[in-house]
Amino acid sequence: MLQELVGALVGLGAVGLVYLAAAARVVKQYERGVVFRLGRVLDPARTPGFTMVIPGVDRLRKVNMQIVTMPIPAQEGITRDNVTVRVDAVVYFKVMDATAAVINVEDYRFAVSQMAQTSLRSIIGKSDLDDLLSNREKLNQGLELMIDSPAVGWGVQIDRVEIKDVSLPDTMKRSMARQAEADRERRARIINADAELQASRKLAEAAQQMADTPAALQLRLLQTVVAVAAEKNSTLVLPFPVELLRFLEKAQQPAVGEAAPHGTEPPPAKPATTGPAHTAPVHTASAPAGDGSTDGHTHPAGPPATAPPEEAPPPPRGGDRTAPPPPPQPASGTPPVTTPGPPAS
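With the first letter of the sequence shown counted as 1, position 79 gets the number 79 in this note's numbering; the numbers rise by one all the way through.
Please note: incorrect hints may appear among the correct ones.
[To be verified] Derived CB-CB ranges, DEER-like:
id, residue 1, residue 2, range
1, E196, P169, 39 to 49 angstroms
2, Q223, P169, 53 to 63 angstroms
3, Q141, R59, 34 to 44 angstroms
Hints are computed from structural coordinates only; laboratory data are not their basis. Cβ coordinates follow ideal geometry from the N, Cα and C atoms, glycine included.
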């Protein structure tokens, strides 16, 4: 009798241990437990720690309450200014209501992923390329609002959304590089022109100061010579002031005026003649035939006879091909000279 009672107690204890092992559940700190009893949800959700369920009647489903980092696959779209781009992003979210996340949506992770992809494509089509590249904070806020609106009913809160990368075609990258290079060159030219303007103003002020104080120019000249000589050069470049040339030019003008007074013309220079001297052609008058007397005087004859042409000088020897200078011509207006000829026999 006693043995049977002890055996029954041992059996009941074993059954109790098995039931306890089957009914005991442990919910972690970052989880919440949603209990379904015969298909109905028991509120509230089980908190972290040790909890009990009815084996075979209750079913416990644990929901992670941590922030989930989900990458959004790269989406290809056309921007508002007709540029094809590929944009990928990442979304951070967490479950705020475990019961709603289990009941209202089949798989809240998959639902959030699909909503993020469609929202990203919509943002691409509504934005310009410049906004995608430079104004990402505004796009991130708009994308977060588009995803968070339907996720509120799923018990999910979107923490933040970030656009990671924007991939552009190679042709667009080259075009943007050329545009940036042209813009930088434009700014460099503007800066250079501004520097030239400021330098010209300073030089004008320095020139005005040197004009008021002539000794400053000499001091500046000596300073330049000292700066050049400090380089250990074998050649010393000595600048010559232009003012000195102007002074010499002004000093030379009165000297020329004294040599040739105003209102008088200098006598013309005599032309130089080269070559052998030639005599003017002469003509002789002869007595008539049959008269043997001569009076020893010169008688003028008829028209003067033409002198024989002079022989050209021989060509130079060797390789000298230079033509000889032409003989000088008699001065215009000079009458021909006649000389007496021998008496006729």
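Checked hints:
1. E196 to P169: 39 to 49 angstroms: 40 angstroms, holds
2. Q223 to P169: 53 to 63 angstroms: Holds, at about 60 angstroms.
3. Q141 to R59: 34 to 44 angstroms: Because 40 angstroms falls inside the window, the suggested range holds.
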